[in-house]
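Asker: So the protein lines, in turn, are chains A and B.
Under my numbering, the letters of the first sequence match residues -18 to 218, in that order.
Under my numbering, the letters of the second sequence match residues 119 to 812, in that order.
Hints are computed from structural coordinates only; laboratory data are not their basis.
Accuracy of the hints is not assured; some may be wrong.
Listed below are the simulated EDC-like cross-link pairs for lysine to aspartate or glutamate, each with C-alpha atoms no more than 16 Å apart in a straight line [as the list claims (entries may be wrong)]:
(1) A:K87 <-> B:E264
(2) A:K87 <-> B:E751
(3) B:K360 <-> B:D371
(4) B:K721 <-> A:D48
(5) B:K791 <-> A:E75
(6) B:K791 <-> A:D76
(7) A:K95 <-> B:E729
(8) A:K87 <-> B:E750
(9) A:K66 <-> B:E633
(10) A:K49 <-> B:E750
Here are a few chain A residues that sit away from chain B, every Cβ distance over 10 Å (derived from the structure) [as the list claims (entries may be wrong)]:
(11) G17
(12) R34
(13) D35
(14) K37
(15) I67
(16) E97
(17) S126
(18) V150
(19) H152
(20) D154
(21) N161
(22) A165
(23) G186
(24) K216
Note that the Cβ used here is the ideal one computed from N, Cα and C, for glycine as well.
Here is how the chains run, residue by residue.
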Amino acid sequence: MGKEDLVSNNPLRALGLEKEDVADGRRVGLIMARAGLGKTAILVQIAMDSMLRDNKVLHVAIGEGVDKTRTWYDDILGLMNQEKKIENFQQVVEDVMKNRMIMTFKENSFDAAKLEERMEDLAQQGIFKADCLVVDGFDFTDANSAAAIDELKGFMEKNALKMIWFSAVSHRDDERVSVNGVPAPCHEVDGAFDTVLLISPEDNGLKLKTLKCSAACAVDAGKSLSLDPATMLIKKA
Amino acid sequence: MSVDLSNVRNIGISAHIDSGKTTLTERILFYTDRIHAIHDVRGKDGVGAKMDSMELERERGITIQSAATYCTWKGNNINIIDTPGHVDFTVEVERALRVLDGAVLILCSVGGVQSQSITVNRQMDRYNVPRISFINKCDRTGANPERVTGQLQDKLGLNAHMLQLPIGLESELEGVIDLVTMKAMYFDGDNGETIREEEIPADLQDAADEKREELLDAVSMFSDELMEAMLEETEISTEMVKEAVRAGTLALDFSPVFIGSAYKNKAVQPLLDAVEYYLPCPTDVENLGLDLEKDEEEFPVSNDDEDPLIMLAFKLEDGRYGQLTYVRTYQGTLNKGATVYNTRTGKKVKVGRLVRMHSDEMEEIDSCGAGDIVALFGVDCASGDTFTDGKLTCSMSSMHIPEPVISLAVLPADNKAQINMSKALNRFTKEDPTFKTFVDHETGETIISGMGELHLEVYIERMKREYSAEVQVGAPQVAYRETISTRAEFNYTHKKQTGGSGQFGRVAGYMEPLEEGEYEFEDKIVGGSIPREFISSCDKGFTKSLLKGTLCGSPVTGVRCVINDGAFHAVDSSDVAFQLAAVGAFKEGYMKAKPAIMEPIMKVAVEGPSEFQGSVMGSINQRRGMIIGTTEEGNYTVVDAEVPLSEMFGYSTTLRSLTQGKAEFTMEFSSFKPVPKSVSEELVKKYQDEKKEK
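All chains should be modelled from the sequences, with the hints used to inform the complete structure.
Answerer: Here it is as structure tokens:
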């Protein structure tokens, strides 16, 4: 099997959301779950889908190290390869990883302006010009989070980024939700996102649900997928 | 000499360059009465620290070889291996970790967790070594042990918690608060040898209470007794806390953090107490041997003095006392004069003298028991060999030894230098498995190879100083490899009839890339088209061909050769004929199998002020490097990248000028990867030109 087979089982495609980043506008997505349910794994699969289609992805990990973040990619690619048995796998990995850069920040040292400065620096030097951005570990409980998202959306327009995906932690004991069913702490900023996905434990397994998706999206909100809790890949029917 | 093993600690001291581990060891030896005066690493008194026994180490202020030492603290026997900090010497660190039961990770209170700390920590993980951390240099400007503890959690993923709080910091450092006993400790006297215990200063009481709560929360899960006491709000004894910390540490689920300043003689003794309380004794850890009679089945060693002897040679040294072999005994007792068997070579050796090493001095002993680390005299073996008393056929698990990545030619100045150089190389290769040497038969040059520029530089210096071998050194060369990318068939006949007995052999089959390992040979001959006695000749012929690939003359790896047909002649076929036929077959198949040149790729970490991040990344990009990621750490940024070794020569100078000397980098071998086409063409052309010149 070839490289293209690696993306066939990607959550974005399985949910019919992959059209989002090729549509006219720029898209902002959010993946939510309680702590430890596998947000990063899904975020990495979304990033990988983009990388496999030759987009450059900047993975921003807040509060996580470079090595650990890198391991997510290695593990998920390894698992995908176990399923698909890709020809010349090592070469595929090499090629795909050229499309990724990881930038890590301490929880308290991240700010959108600093990220933009770094990204501009990388682009100007011709080192890495990101097409997509994934931000893992962004603090939505911070009072300034809405302003930071707006700032990043402005940056996205200016620099022609195709998409930004965020992850956010929801809490079992916080029952606040938006009209779209987006849980706290993102319930008040759900307007900022075109797509919102939620991982929730159900029937002794994990479900990936679409809480919200844009007009360009081919699926109805509410569509869900089963995830294999051991690998966080989509379960085969 | 049977000792209670619960009173034995075999520990290693590991850290990033210049974190002060040799200084710390010097203080430990002083407080345990092994030495009677303290000398600094780069001391003005010219004596140098005790553990830096090599002249070169004292001069450069870095530890090159690890020396083993022994001391006694409050009735406990502590064997300490002082390990080198530079990444080029990590085989020393790895060997030390293989034989030690616990380790102390030293960190600088300003520099914090640096790239080498990450490497060392990874090695400790590999060998399941419980560890405690010591944040040293708390007297330095900018000292921040809390930040460093945070880094231990974030960067190393350790469940690290401070067991002490500093009383003052930087130049104001006075002592520490012990969060287990809730006492303040001060270190008086000229060398901090007198410990004064007092009540916690009033202004620090709240902070101490808060930190103790955090500590108890973190360790309570390792002790039901402590958990109950906390829930029921009954009295929590010191012993209860110590037991919980110990249990968590041994299970590798908790890592206690201590603070101090070795240079200023502050809080070294509590660290020694911690070694006793929290690090394992030999019976606390499970060491596995491999039963060679049962297909290397793993079995736990017993740690019992009465059982048959098993010991591992983990370090060789050929010093002024003759050949010394450092061994760790895993079970049984070794007596002076006993005969032991090397399970690798099957040879038996008599142990003439048995000594306990104290850096470059030694104590004669008559016997040693399970868990001990001692040195033997006059035992010929290689590093990593296992010895038994002949009752067992086993081996301790093999050690992870990386392949050399850099080589250079050495040319002796005269005949005398030639003889001395041979002696030196013979010794170095025995001592250090990552250091290799061979003679290039085409050029007649002696080539040495190792893990980095500094690694080889140090051996050249040692050749000059210790063996008076004056040598000229060529430019460093990258150790390229060749490999094949696809399966290819071969069918080659070697025929020679030029008078006398002729030569005839035909070898047919295929070669294919091998995912793991260097070379595999498979015989699929049916019907005797190649007689049995010549099968091994084919293997030999292929093995010979692997030594030098045809692209750039580098060794060929990752090849599986399968023979499935052939032909022979009743008179003219011979071992040589089939070897030559296999060489021809290899050549034929190799060119069809899309050969490629592989180069060593180094994992590089550059650490420096964030303002230089752009220039650092630019410099890596220019060197065909792939930037993996960046880590923002306050005003500092670490750039992680993978860069071909061939592009890293002279990088330290570039980096210095780019960053006004404010950034530093470390690198270690990561993997071999194919070189880009342009580089490959250049290497092939260079090799062809060199061949023409000869």
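Asker: If a hint holds in the structure, say so; if it doesn't, say that too.
Answerer: For each hint, the structure was consulted:
Our distance criterion of 16 Å between C-alpha atoms is met by A:K87 and B:E264, whose separation comes to about 15 Å. Between A:K87 and B:E751 the alpha-carbon distance is near 7 Å, which keeps this suggested pair within the 16 Å criterion. For the hint pairing B:K360 with B:D371, the CA-to-CA distance comes to about 15 Å; that is within 16 Å, so the pair holds. The straight-line distance between the Cα atoms of B:K721 and A:D48 is roughly 11 Å, inside the 16 Å bound, and the hint therefore holds.
Note on B:K791 and A:E75: the hinted pairing holds, with a Cα-Cα distance of about 10 Å set against a maximum of 16 Å. Only pairs whose Cα atoms come within 16 Å are accepted, and B:K791 paired with A:D76 is accepted, the gap being roughly 13 Å. Proposed proximity of A:K95 and B:E729 is supported: the alpha carbons are some 12 Å apart, at most 16 Å. Between A:K87 and B:E750 the alpha-carbon distance is near 7 Å, which keeps this suggested pair within the 16 Å criterion.
Our distance criterion of 16 Å between C-alpha atoms is met by A:K66 and B:E633, whose separation comes to about 14 Å. Between A:K49 and B:E750 the CA atoms are separated by roughly 15 Å; this keeps the pair inside 16 Å, and the hint holds. In this structure A:G17 is separated from chain B by more than 10 Å, as the shortest Cβ-Cβ distance comes to about 15 Å. In this structure A:R34 is separated from chain B by more than 10 Å, as the shortest Cβ-Cβ distance comes to about 20 Å.
Every C-beta of chain B lies more than 10 Å from that of A:D35, the closest at about 16 Å, which supports listing it as non-interface. Against chain B, the non-interface label of A:K37 holds: every CB pair exceeds 10 Å, the least being about 12 Å. The claim that A:I67 is not at the interface with chain B holds, since no C-beta of that chain comes within 10 Å of its own (minimum 14 Å). With a cut of 10 Å on Cβ distances, A:E97 stays outside the contact zone with chain B, its closest approach being about 13 Å.
Every beta carbon of chain B lies more than 10 Å from that of A:S126, the smallest distance being close to 19 Å; the non-interface claim holds. With a minimum CB-CB distance of about 17 Å to chain B, A:V150 clears the 10 Å threshold, and the non-interface call stands. A:H152, annotated as away from the interface, keeps every beta carbon of chain B farther than 10 Å; the closest lies near 20 Å. Every CB of chain B is more than 10 Å from the CB of A:D154 (nearest about 20 Å), matching its label as outside the interface.
Taking the minimum C-beta to C-beta distance to chain B, about 34 Å, the non-interface status of A:N161 holds against the 10 Å cut. Consistency note on A:A165: stated as away from chain B, and its beta-carbon is indeed over 10 Å from all of that chain's, at 26 Å minimum. Listed as a non-interface residue, A:G186 keeps its Cβ farther than 10 Å from every Cβ of chain B; the least gap is roughly 28 Å. Residue-level check passed: A:K216 sits 29 Å from the nearest beta carbon of chain B, beyond 10 Å.
Of the hints listed earlier, there is not a single one the structure fails to meet.
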